[in-house]
Structure formats: structure tokens, C-alpha cells
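Number of protein chains: 2
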Amino acid sequence: MAKVTIALLQHASAADPAANTAKTLSLAERAVRRGANIICTQELFRSPYFCQSEDYAHFALAEKIPGPTTEIFQSFAQKHGVVVIASLFEQRAPGLYHNTAAIIDADGSLRGLYRKSHIPDDPLYYEKFYFTPGDTGFRAWSTKFGKLGVLICWDQWFPEAARLTALAGAEIIFYPTAIGWHPREKKKIGSKQHAAWETIQRSHAVANGCFVAAVNRVGRERPAGGDGLEFWGQSFVAGTSGEVLAKASAAKDEVLLATLDLAQVDDTRTHWPFLRDRRIDAYSDLTKRFRD
Amino acid sequence: MAKVTIALLQHASAADPAANTAKTLSLAERAVRRGANIICTQELFRSPYFCQSEDYAHFALAEKIPGPTTEIFQSFAQKHGVVVIASLFEQRAPGLYHNTAAIIDADGSLRGLYRKSHIPDDPLYYEKFYFTPGDTGFRAWSTKFGKLGVLICWDQWFPEAARLTALAGAEIIFYPTAIGWHPREKKKIGSKQHAAWETIQRSHAVANGCFVAAVNRVGRERPAGGDGLEFWGQSFVAGTSGEVLAKASAAKDEVLLATLDLAQVDDTRTHWPFLRDRRIDAYSDLTKRFRD
Numbered sequence: 001m002a003k004v005t006i007a008l009l010q011h012a013s014a015a016d017p018a019a020n021t022a023k024t025l026s027l028a029e030r031a032v033r034r035g036a037n038i039i040c041t042q043e044l045f046r047s048p049y050f051c052q053s054e055d056y057a058h059f060a061l062a063e064k065i066p067g068p069t070t071e072i073f074q075s076f077a078q079k080h081g082v083v084v085i086a087s088l089f090e091q092r093a094p095g096l097y098h099n100t101a102a103i104i105d106a107d108g109s110l111r112g113l114y115r116k117s118h119i120p121d122d123p124l125y126y127e128k129f130y131f132t133p134g135d136t137g138f139r140a141w142s143t144k145f146g147k148l149g150v151l152i153c154w155d156q157w158f159p160e161a162a163r164l165t166a167l168a169g170a171e172i173i174f175y176p177t178a179i180g181w182h183p184r185e186k187k188k189i190g191s192k193q194h195a196a197w198e199t200i201q202r203s204h205a206v207a208n209g210c211f212v213a214a215v216n217r218v219g220r221e222r223p224a225g226g227d228g229l230e231f232w233g234q235s236f237v238a239g240t241s242g243e244v245l246a247k248a249s250a251a252k253d254e255v256l257l258a259t260l261d262l263a264q265v266d267d268t269r270t271h272w273p274f275l276r277d278r279r280i281d282a283y284s285d286l287t288k289r290f291r292d
Numbered sequence: 001m002a003k004v005t006i007a008l009l010q011h012a013s014a015a016d017p018a019a020n021t022a023k024t025l026s027l028a029e030r031a032v033r034r035g036a037n038i039i040c041t042q043e044l045f046r047s048p049y050f051c052q053s054e055d056y057a058h059f060a061l062a063e064k065i066p067g068p069t070t071e072i073f074q075s076f077a078q079k080h081g082v083v084v085i086a087s088l089f090e091q092r093a094p095g096l097y098h099n100t101a102a103i104i105d106a107d108g109s110l111r112g113l114y115r116k117s118h119i120p121d122d123p124l125y126y127e128k129f130y131f132t133p134g135d136t137g138f139r140a141w142s143t144k145f146g147k148l149g150v151l152i153c154w155d156q157w158f159p160e161a162a163r164l165t166a167l168a169g170a171e172i173i174f175y176p177t178a179i180g181w182h183p184r185e186k187k188k189i190g191s192k193q194h195a196a197w198e199t200i201q202r203s204h205a206v207a208n209g210c211f212v213a214a215v216n217r218v219g220r221e222r223p224a225g226g227d228g229l230e231f232w233g234q235s236f237v238a239g240t241s242g243e244v245l246a247k248a249s250a251a252k253d254e255v256l257l258a259t260l261d262l263a264q265v266d267d268t269r270t271h272w273p274f275l276r277d278r279r280i281d282a283y284s285d286l287t288k289r290f291r292d
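So the protein lines, in turn, are chains Y and H.
For the first sequence, counting from 1, position 35 maps to 35 in the numbering used here; every step adds exactly one.
For the second sequence, counting from 1, position 253 maps to 253 in the numbering used here; every step adds exactly one.
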């Protein structure tokens with residue numbers, strides 16, 4: 001199975017989790033009709049991006065894994081014979097919450113979880129209030145359609161996370177994401193922010209000779225009032241040299257598809273043999289906060 | 001001293017080391033006249049890119065550091081009050097050679113050395129024959145015009161090297177480089193190769209909130225006959241969000257200047273606080289070859 005078709009589900013969110021789940025299922029069905037083998041949701045697809053404020057009421061959005069939503073997508077995966085990566089707000093234990101991705105294989109089995117490791121805390125992105133930093137480490141899962149890694153949003157800024165996921169064997173790294181502009185900043189620095197976001201994820205493909213797929217939501221959301229956030233969409237898939245293979249718009253609901261030849265991972269790494277030449281004897285200070 | 005002007009010396013090379021040194025000095029003088037504070041040479045500026053073949057005769061190009069060339073540039077730095085980063089083929093001991101950068105402060109003192117850590121070995125880039133992998137580790141030096149890090153060419157593909165250099169305090173990371181197209185591959189994959197090169201170096205600026213400056217040679221060189229290599233120039237400077245601030249052409253001798261506000265390092269890192277959120281507890285496997 002060298003060629004696989006992946007589908008990224010990019011869309012705007014409603015207030016009602018049931019409506020968002022229904023929309024995601026509808027987009028996933030469209031992806032299946034168009035030949036998808038692996039389907040990845042956007043980050044926290046069941047809800048608006050609630051982290052725009054620190055509100056205890058939002059913890060009610062969390063659910064157990066396995067739980068109702070993973071069951072829905074396990075049934076979907078089994079019915080259609082596709083792999084599903086579903087981003088969820090997980091209640092792991094009373095008072096202990098994570099931003100988690102469930103990896104469901106094409107037979108409907110829950111293959112594993114990745115819990116977001118790097119948690120942001122910036123104006124309107126108050127995630128440290130909600131999410132305990134993940135303790136899963138950086139993983140890859142063998143599925144029917146390839147060995148997959150999953151990282152989540154803020155993880156995308158850290159080359160260490162991509163490297164460790166690739167070293168675990170990932171041929172494709174998926175990044176469910178919720179990132180947007182502060183509307184008042186967009187005109188001045190919006191394009192620079194977006195370019196940085198796309199550049200660093202393309203660079204993970206370059207450094208590791210693997211595929212990278214980022215799926216981001218669209219739409220203006222103001223759950224806490226104020227200006228809110230304008231999510232910039234532009235979900236994309238990068239090839240093993242960082243080239244953009246497919247890219248969605250900035251504002252529309254879309255199913256973004258790309259067909260990937262997984263044999264290119266070996267071919268790219270053999271011709272640009274970065275894994276051969278890593279100086280693992282010289283990297284121990286990467287576990288330091290700063291070298292002062 | 002918040003604002004500094006850097007100059008990258010991009011040029012074609014002749015067979016004669018004395019002629020190349022003279023050209024480099026001439027470009028450096030032009031840089032001084034245009035206000036440069038920090039001047040960086042291209043990789044191995046004294047010679048053609050001799051690594052296109054494995055030829056014992058080429059070891060005669062190496063010299064001691066300190067040695068004749070560092071003395072020339074120490075005098076130049078002292079005379080003009082500028083910092084110079086000079087890329088040299090170093091004979092460290094009998095039969096022990098490195099691809100080395102000398103960092104010379106604005107008072108003419110030799111501040112330190114960086115010895116290339118990651119050594120390529122690809123068709124026409126037979127560097128493992130010539131250069132022992134460096135044992136300096138990844139460093140930064142306080143100079144009159146800022147704290148500088150230096151990495152060399154193949155190092156640019158490794159996020160670990162940029163991270164460790166930034167963690168050592170570098171505000172600007174310089175990359176003396178010699179990279180080009182195999183002429184027969186250029187039409188088919190040349191633009192993808194160049195884009196990967198620019199993308200990953202811009203990503204080091206993004207990940208680390210620092211400036212990145214890459215200086216590459218130009219011209220077709222065929223020291224071993226055959227098709228040779230067409231060096232792609234396009235030296236560039238990236239800002240602290242990875243934006244391209246200045247970029248040279250693909251084929252001309254140029255002094256590429258950029259004036260940098262070093263206060264942007266702190267500002268960028270505070271607004272995009274990746275250093276705050278690195279999961280140093282989860283990175284220990286970065287010293288593994290593969291996680292199998």
C-alpha cells in the first residue's frame with residue numbers, strides 16, 4: 001500500500017457540539033466518496049474555540065476517551081474502512097483534562113491517543129487553564145494506510161516534536177489546529193504570522209523527509225465577546241521536501257484531499273540523508289531550558 | 001547597540017586562493033563603505049568548491065588557524081572596527097582537517113572557532129573525505145555588534161544545530177554555504193531543492209525568534225570535469241519571524257546588506273514564547289539515532 005489519499009476537514013464551527021459533530025461526519029462522508037483513506041479533523045472540532053476565555057463552564061464540553069464521540073468515529077471508520085484522527089477535549093480523570101487526538105484504525109479499533117504536549121497561553125488562547133500538558137510523549141501508529149504521527153497546533157512550532165515523531169517512524173505527521181488572527185492585528189502582521197506558520201510546518205517535512213498535513217478551522221468566533229478571532233483556514237499538505245501539494249482557502253468549509261506516495265519517504269531521505277548525519281553525540285543540551 | 005548592519009559576501013570563485021582572498025577583501029571593503037558592522041564570507045571562499053572529487057592534492061589548500069588568512073582578516077577587522085566571520089579549510093593537526101569558521105571581533109581579536117558539525121557526502125559533495133566532524137559543539141560569541149552564532153552549510157538542515165546555537169544566546173545565526181544544482185537536475189527539481197533550502201533556514205528563525213543569515217557562492221564550477229555544480233547564490237537574511245528581509249540574485253557577485261534591530265529577538269520571543277513552552281522533560285530521545 002504505497003499510495004494513500006488523506007482528507008483534511010476544514011470548517012467553521014457552531015455553538016452546538018451535536019451540530020459540529022454532524023457537520024464533521026458529513027464532511028467525512030464526502031471525503032470517503034472522494035476516495036479518502038485517512039481522515040483528520042480540525043482541532044477541537046466539536047465546539048467553538050472556547051479557550052478565548054477562562055470559564056469553568058467550558059469543562060463540561062470535555063468527554064471520556066473512549067466515549068461517545070470516539071464511538072461515533074470508530075463506527076464510521078469500520079463502516080467505511082478508513083483511518084480517522086479525531087481531535088477531542090478529553091476528561092482523563094476528575095479535574096484532569098487534555099487536548100487529545102484519538103487515532104482510529106480502518107477496522108474501527110482505537111489504536112491510541114496523543115495528548116498535546118506544548119500548551120499555549122497567549123491573549124485569547126488561554127489553553128494552560130484547560131489542558132494539562134500531555135504525557136504521552138511523541139508517537140507513531142501503524143495503521144492500515146501507513147505509519148502516522150499526530151501533533152496538535154502549538155506543537156507545530158517545536159522542531160523537537162516533529163523530529164521525535166519522525167524518529168518513531170511516522171510517514172505522515174498530522175497537525176489538527178485552531179489558529180487565527182486577532183482582527184485588529186491582521187492588516188499589519190497577519191500575513192507574516194501566517195507565513196511563519198506555514199514555513200515552520202513545511203520545514204518539518206524538509207528536516208524529516210516525511211509528509212506533513214495541517215488542518216485548521218475557518219470563521220470568526222467571538223464566544224467571549226470582544227473582537228474574537230478570525231481563524232485563517234489554509235489547511236495544507238506538504239510533500240517530503242516541504243513542497244505544498246494541496247492547500248485550502250482561508251474562509252470556506254472544505255474537504256482537502258491529497259494522494260501521497262509513501263515510498264517517497266525512503267527516497268527523499270536516501271537522497272537527502274539528514275537522518276544519516278544527525279550528530280546525536282552533540283545534542284544532549286536540547287533537554288536544557290537555556291545554555292547559560 | 002540595538003541596530004547592526006550585516007553584510008554577506010556572495011561571489012564566484014577563481015582557481016587561485018590569492019585571487020579569491022583579494023576579491024573577498026575588496027567586497028568586504030565595499031561592505032564597510034556601505035556601513036556594515038558584521039561581515040560574513042561564503043563557505044571556503046579561498047578556493048573553488050574542491051569537494052567535487054576526492055583528491056589528496058586538495059589538502060594543500062588547508063591552513064592553520066590562527067594563520068595567514070585569519071591574520072589578514074584580523075587586521076581588516078581592527079582597521080575598520082568590524083566583526084568578520086571567515087570560513088576556512090583548517091589543518092588542525094597533521095592529517096586532521098576541519099571545515100571551520102573563525103569569528104573575529106571588531107578589535108581584531110580572534111574570538112573563537114566553530115568547526116562544521118554535520119558533514120555531507122553526496123555526489124560531488126564528498127566532504128566526509130576531507131573534513132573531520134567538528135567537536136566544538138554549538139556556540140555563540142559576544143562581539144561588539146551582538147551575540148553571534150555560526151553554523152556551516154549542511155548544518156542548516158538540522159533544527160537541532162540552530163536550536164542549540166540559539167540556546168547558547170545567538171541573536172543572529174550565520175550560515176556560510178556552498179550549495180548548488182547538479183546542472184542535469186536543475187530543470188526538474190532545482191526549484192524544489194532551492195525552496196527546501198530557504199524554507200528550513202527561515203524556519204530556524206521562526207522556531208528560535210532570532211535572525212538567520214545565509215551566504216552562498218555563485219557560478220558554475222567544474223574542478224573535476226564533468227557537468228560540475230551550478231551554485232545557486234540567493235544569499236538571504238531572515239527576520240525573527242522567518243520573513244525574508246534581503247535576498248541576493250542567483251548568479252551575480254553581491255554584497256548583501258541588512259540592518260537588524262536586535263531588540264526584535266526579545267520582542268518576538270515574548271510574543272511567540274516558544275522558549276517558554278519547550279517540553280525539555282520530553283526531549284531526551286533526540287540523542288537517539290532512531291526510536292525503534
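Bear in mind the hints are in silico, worked out from the structure with no lab data behind them.
Each residue gets a CB set at the ideal place from its N, CA and C atoms; glycine is no exception.
Errors might be hidden in some of the hints.
Said to hold, decoys possible - Only part of the chain Y face toward chain H is listed, based on derived beta-carbon distances under 7 Å: (1) 74; (2) 202; (3) 220.
Said to hold, decoys possible - Here are the computed distance ranges between Cβ atoms for each label pair: (4) H/29 / Y/187: 18 to 28 Å; (5) H/33 / Y/2: 41 to 51 Å; (6) H/128 / Y/290: 48 to 58 Å; (7) H/16 / Y/188: 47 to 57 Å; (8) H/183 / Y/68: 51 to 61 Å; (9) H/79 / Y/188: 40 to 50 Å; (10) Y/3 / H/186: 44 to 54 Å; (11) H/270 / Y/59: 21 to 31 Å.
Would you say the C-beta atoms of residue 270 of chain H and residue 59 of chain Y sit inside 21 to 31 Å of each other?
holds (29 Å)
- Query: That 18 to 28 Å hint for residue 29 of chain H and residue 187 of chain Y (C-beta), does it hold up?
  - Reply: violated (42 Å)
**Request:** Go ahead and decide if the range 41 to 51 Å is satisfied by the Cβ distance of residue 33 of chain H to residue 2 of chain Y.
**Result:** violated (57 Å)
Notebook entry, point to check: Is the shortest C-beta separation between residue 74 of chain Y and chain H less than 7 Å?
Noted result: This hint is violated: residue 74 of chain Y lies away from chain H, its Cβ roughly 27 Å from the closest one there, beyond 7 Å.
Original post:
When the nearest CB of chain H is found for residue 202 of chain Y, is that gap smaller than 7 Å?
Top reply: With a minimum Cβ separation of about 5 Å from chain H (threshold 7 Å), the hint on residue 202 of chain Y holds.
So does residue 79 of chain H sit 40 to 50 Å from residue 188 of chain Y, Cβ to Cβ? holds (42 Å)
When you take the CB atoms of residue 3 of chain Y and residue 186 of chain H, is the distance between them in 44 to 54 Å? violated (28 Å)
**Prompt:** Has the hinted range 47 to 57 Å been met by the Cβ atoms of residue 16 of chain H and residue 188 of chain Y?
**Reply:** holds (51 Å)
Cβ-Cβ distance between residue 183 of chain H and residue 68 of chain Y: within 51 to 61 Å?
holds (60 Å)
**Prompt:** Holds or violated: residue 220 of chain Y as interface residue toward chain H, Cβ cutoff 7 Å?
**Reply:** violated (22 Å)
If I claimed the Cβ atoms of residue 128 of chain H and residue 290 of chain Y lie 48 to 58 Å apart, would that claim hold in this structure?
Between residue 128 of chain H and residue 290 of chain Y, where Cβ atoms are some 33 Å apart, the hint is violated.
Figure legend: structure checked against the earlier numbered hints; hints not met, in rising order: 1, 3, 4, 5, 6 and 10.
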